[in-house]
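Full structure from sequences and hints, please.
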Amino acid sequence: MDAKHAAQCQCGEESEEEKLARIAQVVDDFKGQEGSLIQILHLAQAIYGYLPLHVQQLIAERLDIPLSEVYGVTTFYSFFSTKPRGEYTIRVCLGTACYVRGGAEIVKRLSQQLGVEVGGTTADRKFTLEVMRCIGACGLAPAVTVNDTVMRQVNPDKLNRILEMCS
Amino acid sequence: MVTLTINGKQVQAEPGMSVLEAAKANNIMIPHFCYLEDVHQVGACRICVVEIEGARSLQASCMVPVREGMVVRTNTARVKRARKVLYELMLSDHPRNCLSCLRNQNCEFQKLGELIQISEFRFEGEKSKSFVDLSSPSIVRDSSKCILCRRCITVCNEIQGVGVLNVQKRGFHSVIGPADELPLSSVNCTNCGQCVMVCPVGALLAKDVTERVWDAIFDPHKRVIVQTAPAVRVALGEEFGYPPGTIVTGKMATALREIGFDEIFDTNFAADLTIIEEGTEFLQRVTAALTGKNAVLPMITSCSPGWIKYIEHEFPQELDHLSTCKSPHMMLGALAKTYYAEKIGVDPKDIFVVSIMPCTAKKFEITRPEMFINGMPTVDAVLTTRELARMIRDAGIEFQELPDGRFDDPLGFSTGAADIFGTTGGVMEAALRTVYEIVTGREIPFERLEVTPVRGLSQVKEAAIKIEGTKPEYSYLEGVEVRVAVTSGLSGAKRLMKEVAEGTSPYHFIEVMGCPGGCIAGGGQPKPTTRSIREARMRAIYAEDAGKPKRKSHENPFVAKLYEEFLGEPLGHRSHELLHTHYVPRGRYNELEGTRIPIQTK
Ligand code: SF4
Ligand code: SF4
Ligand code: FES
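Residue numbers (our numbering), protein chains in the order written: chain A, 31 to 197; chain B, 61 to 662.
Certain hints may be false.
[As the list claims (entries may be wrong)] Some residues of chain B that are not near chain A, with every Cβ distance over 10 Å (derived): (1) L96; (2) N166; (3) E186; (4) K229; (5) L357; (6) E378; (7) D407; (8) K531; (9) H568; (10) A603; (11) E615; (12) R648.
[As the list claims (entries may be wrong)] DSSO-like mimics (lysine-lysine), calculated; alpha carbons at most 30 Å apart, straight line: (13) K61(A) x K554(B); (14) K113(A) x K229(B); (15) K61(A) x K229(B); (16) K229(B) x K49(A); (17) K171(B) x K84(B); (18) K156(A) x K229(B); (19) K187(B) x K138(A); (20) K229(B) x K138(A); (21) K61(A) x K558(B); (22) K69(B) x K144(B).
Rather than coming from a laboratory, the hints here were simulated on the basis of the structure. For glycine and all other residues, C-beta sits at the position ideal for the given N, C-alpha and C.
As structure tokens, then:
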């Protein structure tokens, strides 16, 4: 992300209109550049938190490309989300090693404890629960990431500690 | 020319050709699936794989250009094995309920299967998609049948420039459709049906309403009136084994009578009527412009409902450029339930009007509230050419054996000018024939009345016609050069509309048809519709015109009688009530403004 767009306040105090205006500005700045759509979506997600349909519509309209194309891109890449996300994204690795060493069990527990399905976000917008494919941390299995931090050899105890840490 | 070897045979090919095309040009058929000549070449299915010397892996022949000295083998054990596995994998994610599919026996996937031949279903697994979108009155989308060839995406985005369809999600979960699983009825789909024309399977279909029509025919209290569009008679024959471009007007009329329709009218009659109304409207606008009054020019034709929905979404500010004329079949429907109902003394509520159209957008058009008269639809059902063929077969009629029949009066007679409505350029040519003669009292100065500059399949065609020797009442038109443009396909429309929106359009009159080539290649026509088939149908249309004793709309005696007995004068009070309409500015994406209709899940 370039400095100009990232340096601005992202503390959540911004109004809906301000966010949309900022996204519109991003689109205008990147318009016409090769492969700019993905970059625009990244920045828009940073500004808005996620990419609901009306944000994608704004982007499509300003770029003069079909909404179906924009939506196709946001649903192709897993790092884009069309639903609101929690402050913390917890991802459980379900690669083979993590899976056999209890990854599936962790998913079940987290889902129960947080009261959300995989892919869901808690009502207080604190946590989003997701699963991922092997992240290459097989030696640390089962692995869980919280935002971008990797937690190794997670067991139920450790899980509780992680959740407490975040609260 | 490039020389290469295919299956041990030295062959020549033009540079830039793909291996698949080069093989085909030399009578070697490489099985293929997603590739569609002149339309789609993206390498989605890989059924067309071949061995190329020097390349380690098998190559998709539709994507690889020919090279000098290339050595290709299309039929080795390795190729055959790969092709078969690919086919079996596609099949494992397909519902295989062919007997209840409208495409049964007219399905490219079945044809491929015939060629590959499997004896068992080896791969069984989870099915990836399962919803049916029944929201649109024109198009049914059954995602469970989709084999992800992406042809519809190419057509909707690149050829039509609409972009409703694209790939959503990824991998096993990929679906082809609008954003956010929105139903077609709530996005900017124009209902043109061009996606239906290229879908190789039953994943995109025109909504079939033949049962409703049968019910009306079998209902003893209903008077069922049918009308047929000009493009149907030059294409219907293809459904019964005739070569493209065969004119089957007479057999079609007989078939309709045998099916049990009470009156067989001709949309062509209303096409002649449209020319009188629209020509008068055009003259009125030009007169206003030349005498310093307010007038919106260019005027743009309004008989293509796919085009109408397109402009309502994309250029909602420019709707006053549209002629206010309804499309011809809507005019005829309105007359059937008023003028004709009065004549025969039948309550219009007991009349059921069916339009046989080359078009899927007309299925939507009849549902538009502004088309209703006194709360009553003026056309009750629209059948495509393909649906008519289905009804003929269903009725057990041997089409080829039928004697020639004719249309019924008073709404069945038409001139050659009406015939050409079915092809791109035809409405313009018909209008020019009439307008020029009204203004000058002489025939339009083109040999045999053929306005050749507006004929043919180019995306945009132009003509400039100088008006000379006007009648005294039109003296202000003396020396005026009328500039016209004609386009078909919505990308062409977008091109011309950009100029209109910017105020730089140099034209007075523009004809737009939503489908590339015009109604002859509409979304309701027989499949396939290729370039050469378009050309053949177009030739047939012009042959119909050339063979008619009367070839100018204002010479239609039944139209004259209609004005005398009923309408009064062109653009008169009754015309406005029955033959003209208005348009609805829609949001660019529509879907975010209307209510979301939930997609029905299987
Ligand atoms: S009917 Fe026409 S506009 Fe609608 S999805 Fe198909 S090709 Fe696109
Ligand atoms: S809907 Fe039909 S044309 Fe479109 S990708 Fe699926 S199978 Fe191909
Ligand atoms: S026909 Fe070549 S990849 Fe589908």
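So, going through the hints one by one against the coordinates:
No Cβ of chain A comes within 10 Å of the Cβ of L96(B); the nearest lies about 20 Å off, and the non-interface call holds. Under the 10 Å C-beta cut-off, the non-interface status given to N166(B) relative to chain A holds; the minimum distance is some 28 Å. For E186(B), the shortest C-beta to C-beta distance to chain A comes to about 17 Å, beyond the 10 Å cut-off, and the non-interface label holds. Once the 10 Å rule is applied to beta carbons, K229(B) is inconsistent with being away from chain A; the minimum gap is 5 Å.
At the 10 Å boundary, the C-beta of L357(B) stays outside the reach of chain A, the nearest C-beta of that chain being 26 Å off. Every CB of chain A is more than 10 Å from the CB of E378(B) (nearest about 17 Å), matching its label as outside the interface. Every C-beta of chain A lies more than 10 Å from that of D407(B), the closest at about 46 Å, which supports listing it as non-interface. For K531(B), the non-interface assignment is confirmed: its Cβ lies about 47 Å from the closest Cβ of chain A, beyond the 10 Å cut-off.
Distance to chain A confirms H568(B) as a non-interface residue, since its nearest Cβ pair spans about 28 Å, more than 10 Å. The Cβ of A603(B) lies farther than 10 Å from every Cβ of chain A, with a closest approach of about 40 Å, so its non-interface assignment holds. Look at E615(B): its CB is around 46 Å from the nearest CB on chain A, clear of 10 Å, so calling it non-interface holds up. Its beta-carbon lying about 6 Å from the closest one in chain A, R648(B) breaks the requirement of being farther than 10 Å from that chain.
For the suggested pair K61(A) and K554(B), the alpha carbons sit about 21 Å apart, so the restraint of at most 30 Å is met. Using a Cα cut-off of 30 Å, the hinted pair K113(A) and K229(B) holds, with the two alpha carbons roughly 14 Å apart. For the hint linking K61(A) to K229(B), the alpha-carbon distance of about 24 Å falls within 30 Å, and the restraint holds. Note on K229(B) and K49(A): the hinted pairing holds, with a Cα-Cα distance of about 26 Å set against a maximum of 30 Å.
At roughly 18 Å between alpha-carbon atoms, K171(B) and K84(B) fall within 30 Å of each other, so this suggested pair holds. In summary, the hint linking K156(A) to K229(B) is supported, as the alpha carbons are separated by about 26 Å, within the 30 Å threshold. At most 30 Å may separate the alpha-carbon atoms for a hinted pair to count; K187(B) and K138(A) meet this at roughly 25 Å. Simply put, K229(B) and K138(A) have alpha-carbon atoms about 25 Å apart, close enough for the 30 Å limit, and the pair holds.
Restraint check for K61(A) and K558(B): the C-alpha separation of about 20 Å stays at or below 30 Å, so the hint holds. A hinted pair counts as satisfied when its Cα atoms are at most 30 Å apart, and K69(B) with K144(B) qualifies at roughly 25 Å.
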